[in-house]
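Novice: Let the sequences and hints guide you as you build the complete structure.
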Amino acid sequence: MAVVEQLLRTEADGTFSFGNYELPEKKKLDNFEYEGNILKVKTFKDITKLEQNEMFLYESVPGTTVTHFKEKEDGVSFEVEGPGDAQITVGLEENTDYHILVDGKNIGPMQTGVGGKLSFSVPLGNASSKVEIHK
Numbered sequence: 162m163a164v165v166e167q168l169l170r171t172e173a174d175g176t177f178s179f180g181n182y183e184l185p186e187k188k189k190l191d192n193f194e195y196e197g198n199i200l201k202v203k204t205f206k207d208i209t210k211l212e213q214n215e216m217f218l219y220e221s222v223p224g225t226t227v228t229h230f231k232e233k234e235d236g237v238s239f240e241v242e243g244p245g246d247a248q249i250t251v252g253l254e255e256n257t258d259y260h261i262l263v264d265g266k267n268i269g270p271m272q273t274g275v276g277g278k279l280s281f282s283v284p285l286g287n288a289s290s291k292v293e294i295h296k
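Heads up, the sequence shown is in our numbering, so the first residue is 162 and it goes up one at a time.
Hints were generated in silico from the structure; no laboratory data involved. Treat each hint with caution, since some may be false.
Derived lysine to aspartate or glutamate pairs resembling EDC-like cross-links, with alpha carbons at most 16 Å apart [what the hints assert, rightly or not]:
| no. | residue 1 | residue 2 |
| --- | --- | --- |
| 1 | 206 | 186 |
| 2 | 233 | 254 |
| 3 | 231 | 212 |
| 4 | 206 | 183 |
Being a predicted model, the structure only gives us computed values, none of them experimental.
Specialist: Pasting the structure below:
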């Protein structure tokens, strides 16, 4: 897997990819249209953050590269790569139970709070992991 040089792009399979954890300084790209939504990404080695229609959607510390990000009726799925372990926060529905799978392993059910945010850690170390989050 490689970083997303243009910061945000659509993929042939209908998903989108974003983030560049190799950047030494923060870069951003906004007003990117995807399926009727406006996306904005800020990324560099310390953090990657994605907003959709000015609402929080994804954040990782340190920065990561995310490919094949897809929102579904019952959650999201994506692949993530970074230089080391990452703390990831995803914006979902408020007060809802979700199951998180990382590389097919269930890391447990979690519940979002009033803000709809779900946080978890992913061990990376220059390898990619597939993340699936569903109700």
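Novice: Could you run down the list of hints and mark each one as holding or not?
Specialist: Here's how the hints hold up against the structure:
Between the alpha carbons of residue 206 and residue 186 the distance comes to roughly 7 Å, so the proposed pair stays at or under 16 Å and holds. Note on residue 233 and residue 254: the hinted pairing holds, with a Cα-Cα distance of about 12 Å set against a maximum of 16 Å. At roughly 14 Å between alpha-carbon atoms, residue 231 and residue 212 fall within 16 Å of each other, so this suggested pair holds. For the suggested pair residue 206 and residue 183, the alpha carbons sit about 6 Å apart, so the restraint of at most 16 Å is met.
Hint violations for this structure: none, all hints satisfied.
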